[in-house]
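Engineer: Dock chain to chain to rebuild the complex, using the hints, since each chain is given by itself in its own frame.
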Amino acid sequence: MPDTKTLLILIPALPLAASLLTAVLGARVLRERSHWPTVVAIALSCVASLLLIYRVHHGIDERAAAGEKGRDGAARLVSGGPARQHGAEGESEAAEPEPKVDYEHVVSIWTWAVVDDAYELENDDPSAAVDARTSEMRSFSISVTLRADPLTAIMLGMVTFISMLIAVYSIGYMHHDPGYWRFFSYIPLFVFSMTMLVSVSNFVLLYVFWEAVGFCSYILIGFWYHKPEAAAAGKKAFLVNRVGDFGFALGLFLLWTAFGTLDFHDVKLARDADTGRAVVLHDTELVTDAAQPGQVSAGVLGRERIDRQGEWLAQHGPKATGGPYHHGTLLAMAICLLLMLGACGKSAQFPLHVWLPDAMEGPTPVSALIHAATMVTAGVYMVARCMPLFLASTTAQFVVAVIGGFTALLAALIAMTQTDLKRILAYSTISQLGYMFLGLGAATLLGVTAGMFHLFTHAFFKALLFLGAGSVMHAMAGVIDVRRFGGLRRVMPATHWTFLFGCLALAGIFPFAGFWSKDLILEAIHEQAGGGAGALMYQALYWAAVATAGLTAFYTFRAYFLTFWGKEMIPEEAGDHAHESPRVMTLPLMILALCALGVGAFFELTHGFARFLGHTPSAVYHAGLAPAAEHGEALDLTIPLTGTAVAVGGILMAALLYLGPREKLVGGLTAVMTRLGLYRVSHRKFYFDEIYYGFVVGPLKVLAWLSYAVDRFVIDGLVNVCGMVPKAFGATLRPLQNGMIQFYALAMILGLLVLMGALLPFFN
Amino acid sequence: MNPEAALLNNYLIVGAMLFGIGMIGFLSRRNMIVMFLAAEMMLQGVSLTLVAFARFHNDYGGQMLVVFVIAVAACEAAIALALVLMLVRRSGKLDVAVWHALREADQPAFAEEEPPEEPAEPQEPSPQLTQAGLTPEIPREETEYRPRV
Chain S
1 MPDTKTLLIL
11 IPALPLAASL
21 LTAVLGARVL
31 RERSHWPTVV
41 AIALSCVASL
51 LLIYRVHHGI
61 DERAAAGEKG
71 RDGAARLVSG
81 GPARQHGAEG
91 ESEAAEPEPK
101 VDYEHVVSIW
111 TWAVVDDAYE
121 LENDDPSAAV
131 DARTSEMRSF
141 SISVTLRADP
151 LTAIMLGMVT
161 FISMLIAVYS
171 IGYMHHDPGY
181 WRFFSYIPLF
191 VFSMTMLVSV
201 SNFVLLYVFW
211 EAVGFCSYIL
221 IGFWYHKPEA
231 AAAGKKAFLV
241 NRVGDFGFAL
251 GLFLLWTAFG
261 TLDFHDVKLA
271 RDADTGRAVV
281 LHDTELVTDA
291 AQPGQVSAGV
301 LGRERIDRQG
311 EWLAQHGPKA
321 TGGPYHHGTL
331 LAMAICLLLM
341 LGACGKSAQF
351 PLHVWLPDAM
361 EGPTPVSALI
371 HAATMVTAGV
381 YMVARCMPLF
391 LASTTAQFVV
401 AVIGGFTALL
411 AALIAMTQTD
421 LKRILAYSTI
431 SQLGYMFLGL
441 GAATLLGVTA
451 GMFHLFTHAF
461 FKALLFLGAG
471 SVMHAMAGVI
481 DVRRFGGLRR
491 VMPATHWTFL
501 FGCLALAGIF
511 PFAGFWSKDL
521 ILEAIHEQAG
531 GGAGALMYQA
541 LYWAAVATAG
551 LTAFYTFRAY
561 FLTFWGKEMI
571 PEEAGDHAHE
581 SPRVMTLPLM
591 ILALCALGVG
601 AFFELTHGFA
611 RFLGHTPSAV
621 YHAGLAPAAE
631 HGEALDLTIP
641 LTGTAVAVGG
651 ILMAALLYLG
661 PREKLVGGLT
671 AVMTRLGLYR
681 VSHRKFYFDE
691 IYYGFVVGPL
701 KVLAWLSYAV
711 DRFVIDGLVN
721 VCGMVPKAFG
731 ATLRPLQNGM
741 IQFYALAMIL
751 GLLVLMGALL
761 PFFN
Chain B
1 MNPEAALLNN
11 YLIVGAMLFG
21 IGMIGFLSRR
31 NMIVMFLAAE
41 MMLQGVSLTL
51 VAFARFHNDY
61 GGQMLVVFVI
71 AVAACEAAIA
81 LALVLMLVRR
91 SGKLDVAVWH
101 ALREADQPAF
111 AEEEPPEEPA
121 EPQEPSPQLT
131 QAGLTPEIPR
141 EETEYRPRV
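Residue numbers (the numbering used here), protein chains in the order written: chain S, 1 to 764; chain B, 1 to 149.
Just chain B, with the same shape it has in the complex (with noise of 0.2 Å):
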């Protein structure tokens, strides 16, 4: 193989790779900020390709296309965010998982597998500090998640 050929398949195996892991990615993950960005990475990997190829071939064919596919994506990223938006302003939630409605009749709906029931460790009271000036009127839930952003 030529030292060419063997560059390219360098670039190829990243490439094929970056696809790969993207692809995965959308399949497995169920944010759906998340899917949308191994999506972008799909994009990336195939944008990679094109301009290994177009190195390859001395052909600026390739990299005029990826400049094609970049600026897609930036459309595609702004619809894509304001549909995200869009549903989880419905559902309140990020999870893909919520938007089984359009199946068969018959088709059961999507169940979340509830994780094991986690035996009730014995817990002991955490100690309770003095208190240092005053507390606080901050509810506990908020400083977790903040529902509304």
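One chain only, chain S, in its complex shape (with noise of 0.2 Å):
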């Protein structure tokens, strides 16, 4: 079996060589067999994925196995007291079982760039005098290092299977295109740069990765290039990510301004022997516990910042700020919600919502892939890869959840109106990125397990969900507006009854993958609202999530029925095309089906997941601070009831409205809604996309004209001017040749004058 070093360079590497192979290749040799890199490819990554998650799961036990706790400072932050002796591990053991062993192995494959003397080091030893803190220069790394922890295994396996399970669909589904190589060659490359996110260790790789996933989106969506809407869609993809990106960028200058690294990992430290400066050793492995403070840096993330910080937390209280490695709560502040807004971006949340639902001009298969299971994903992970940083600022932490849960009912109320099947999963995406970040926001370990969770989940009953839309849409040739087909179920069997576990699954109905963690994450917030701060604002955001998850199930199934009920619709451009999708593509549908109603289950009531998650490093800092978060323990059912209870009550509202011909009670309550003005707003997505071309776009093409101005009639002018100064220098002097004989004789005399009256002072 390869050891994590290999495994970690192949599960990037082996999609990268497919996509480069098919791009080589794909146009002239392969052709209809362009799928089989891809396949191979990203199969063998999933495979490698699955080895990864057991070798660290094998680490974890043997760490837990050889008595390592982590540092001190971990062992007595977790069995959650102040100053615990050391000697008491036993007890402390046996009180909390829960996770307190972290792992993560890094490992350097290639240094891109180093900067000498990049940032001036304080000796950061809080217990030395202040005028006694001497400092030192340190070098600026930017290593390709990856790492391998529970969070990024995770995410890892969740990637690769479903990209190989789309790879296999997207063999059906494109089979008639005739840029089948290209889309195989761009599915890879977008897997790599997926994987490439989710595993490296520092932030300066995860942005140059985090535009790369950005930028195979947008040749992604533009895929068919020809397509007006959709080049249009894939550049307001790009350029609202852009704004997104901006804010990320911005937020990594700030913390290389307060930490002076941007590794998540520390690195050891090797003294020069003739200067005694500090040198940082690259292409070494994890920083081992024995390392003393001062031989090693410390990186944003690290176990030695984690460890430090709380111990200090330990003594003081889990919510008071300061520290060692605390920074001043505003630029705290200043950093997350600027990663934040990079998150946003990424992650499609108010405001920067708005290219998502475009997105969809898309090929299906990529809106499953990349706009519903890792693209968008990507944001989440980055704030639950970040939440040491979060926990230094409430106001973050609010400001996560509020845009969470807002853009989770906004979006919810645009999907209710929505006539395109795959807009309708879009919002619905939207709004479960929401219910991500939502979880996150309450910045507990329960909060930030049921965020993953959820994100986890999600991926495969939303891909399943978008899949089997584009099953539908491929049987009837391209028509994908719900009104104009119906009564599907009898013509599309397979396809009727996945998407029906996917409905189940979205809108949360017990034992439904989703039910799961919809339910962590309602248990998050009300666990937020129960005391502390900005106890009344997680209670609004409670009741918020609550509502939301009977809208959700009230336009997913709105979509089902009106999809696969009612009476039998076929449009014409169908004609004899309506018929069940082939099995190429009906396979990956029903594993996605089947993961969508064991995943939850199977990982909850098991405590796997959760238990797995709480051994990565910044997990185990989160286990020490918030007050003793014990979930699922407790048999208090009131959460999962009431959450089952509003689905239900959407499923049957939905029932009622769209099952059968109903058309009369459709009819009232739509005009009702749109004489209260509510369907329009809805319909119209709340005018964001019309808000954002006056407000945004106008000025920009105001701005635009002003620089199309200056540089024609500056810039240019001032080149033709200078381009003028010849032509009038010889405009001038032309005269001088007019093709008489006697005029150059004269010219010539003259000349001759000139020349001796310049001399004659030299005669004497």
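Read the hints as simulated data drawn from the structure, not as lab findings.
Only a predicted model underlies this, so the values are computations on that prediction, with no experimental measurement involved.
A couple of the hints might just be wrong.
Partner residues are not named here, just some residues of chain S that face chain B (Cβ under 7 Å, in silico) [stated by the list, open to error]: (1) Arg-734; (2) Gln-737; (3) Asn-738; (4) Met-740; (5) Ile-741; (6) Gln-742; (7) Ala-745; (8) Met-748.
Just so it is clear, CB atoms sit at the ideal spot from N, CA and C, and this is done for glycine as well.
Structural biologist: Dropping the structure here:
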């Protein structure tokens, strides 16, 4: 079995190789066989990811068995109280069987750039007197460093598994497309970028791959580039993402200023024998606990920082501000808000959510892969990874939660009146991502676990729903307006049943996957609403989340009933196309349906997910800070029942309105809503696009016109004036050549006279 | 000034006058042959200056140079007259202003100034003498100007 380093390298490298191979050979050599490199590479990546998960798990067990519990601080932290003796480990182990062993395995592959003497690091030993503190110059190195820890392993497993299924599905979906080979070159490029994004261990490379997935999204949305809507949608996605990336970049700059390093992990230092300066050792693996402070360059999310800060907090209480690594609340808030802006762009949260519905112009497998399961979860992953930073600022936590909750509700309201099946699913994605941010905004271990678990389950059932929609679209020859087809449950039985599973999972009905993850999020919010800072707001968010759950069930089943029930309607374009999709498309649907059914229950009832995730270094930090978050132990069924009740209510409402011929009722309700102005507001997406067009695009167009004017008149004018000078000079000299010989002779004589006059003083 | 220098001055003045007249003639005349004559006059002025200096400095280098100048002037005369012949054959005129084609594109061509129109005097018919003998058959233009040489 290959070692961790090999696995970490193989997982992104195989898709990259497949992408390059298909790009070079696809057009002429591979043609209809272009899918083979992609499918094989991603399948192998998937196997490698599962092996990696096994490895990480094994590593955790090994460390637990060896009695390593992280540094002293972590042990103290986790036992939940101030200054217990180290010898009381045995007791703490029995009392808290929850995660306290953390595991990370960091592998450096290649050093990209090193800047010597980049940062003046103060010797931040808090015990030293202020004037006795020295500073030294540290170098800044950007190295391609990959990490294997539970969070990464979970993301890799999910991404590669779903990518593999979607690649297989695409074989059938894109079968007749002339750009077949191009598609199967873009997809593994995206998988490479995404796997690297979740594997890298420093912020610079995270940003690089953040941009890379944005770019892959752009080329995949605009896959049918000759279609103007697709090209425009690709541009819109990229530009809106760019706004978020700008915030992310500013956050990185602030991080650098505050921390002096952009690595997640601690890096071992060696002292240069001659000068005594610190030399960062590249290509070293994880810093072991035996390293002394000063021998380690502390990473932003590394153990050194977490442990020392944790020790301080254990002494001063969990909500105290300060400590050796606390750089000021305002700075922490600024960093977190800027990072959140980046996450908003990538994960389509308010106010940067406008690109995701338009991104449905791309092929459906693209929508399933990128805009449901993987790219949009990058923002959630990043915030989850940076949780120790968010813990320093309660304002930032509030903002995350509020943005999440608001977006969830907003998107659910919009989805209720849309008529394009993929758009409904797109708004559903935005809404569910809002749920994830809501969970993360609770900033407790339960919240983070809930957010990540929802990410995990959502990937499966949302991909399933999108692939199902693609199957319908494939059969209906490209028609995706739900008003134009109906009653398809007899025409496409496999698609129907798998889509139903997906809908039940999305609505959150027991025992499907969505039930467990949504329930966890509601619990996390409810817990924060119980007491502490901002309880009232969390209470409001809890009720917003519950309302959104009901709306989710409503619009999901509205789409389901309009598509698969009612009178059988086939649009004319479909003709004889309207049959069940080929096996290559339905098989991934069935696999995903089984996952949507089982994955939630399996991972939640065994507490496997929570336990596994809890071994991430930043989560260990969490565990000590929050009040005891024993999820799933208490048999308090209020929250699950509330969730299920609103979901079932939503389903019943949808059935009432859309099941069977109820046009009069629907029509009446629509009329009432229109009279109230609500229907139009929802249908027009709360006029966000119009507002942005007026307030953002409009001024930008004016600015662009001004720039064009300056470029054409001022700059080009200046250049033209420069060009006119030789012309004028020439025009002045040209009359000297008029063809008259005597004129030339006269000129010669005059010149001679001038010469003689100039030289006369030199003759004595 | 010693008498020899004064004598030299006289020669130089004459030489300069010759050169000057020659230069002005070259620049202001339009007849190619007259221009050439003027150029030759410039050469003679220079030769006189050279001979005067040779006599003054008692250095016969000057006179030797004058012999060269005369020889060169002769060759130059041959070539120049041959060229003038070719040019006149082409254009039919001895006017150097005809040859203004090698000029910049936007410069105007040489336009001969027309002499002012003289008011037509009422021509009284010249008195006709009674013919004595036979009238010769020569056309009127022939008697005034022969175009072909």
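Engineer: Give a verdict on every hint.
Structural biologist: Comparing the hints with the structure gives:
no.: 1; hint: Arg-734; result: 5 Å, holds
no.: 2; hint: Gln-737; result: 5 Å, holds
no.: 3; hint: Asn-738; result: 5 Å, holds
no.: 4; hint: Met-740; result: 6 Å, holds
no.: 5; hint: Ile-741; result: 6 Å, holds
no.: 6; hint: Gln-742; result: 5 Å, holds
no.: 7; hint: Ala-745; result: 6 Å, holds
no.: 8; hint: Met-748; result: 10 Å, violated
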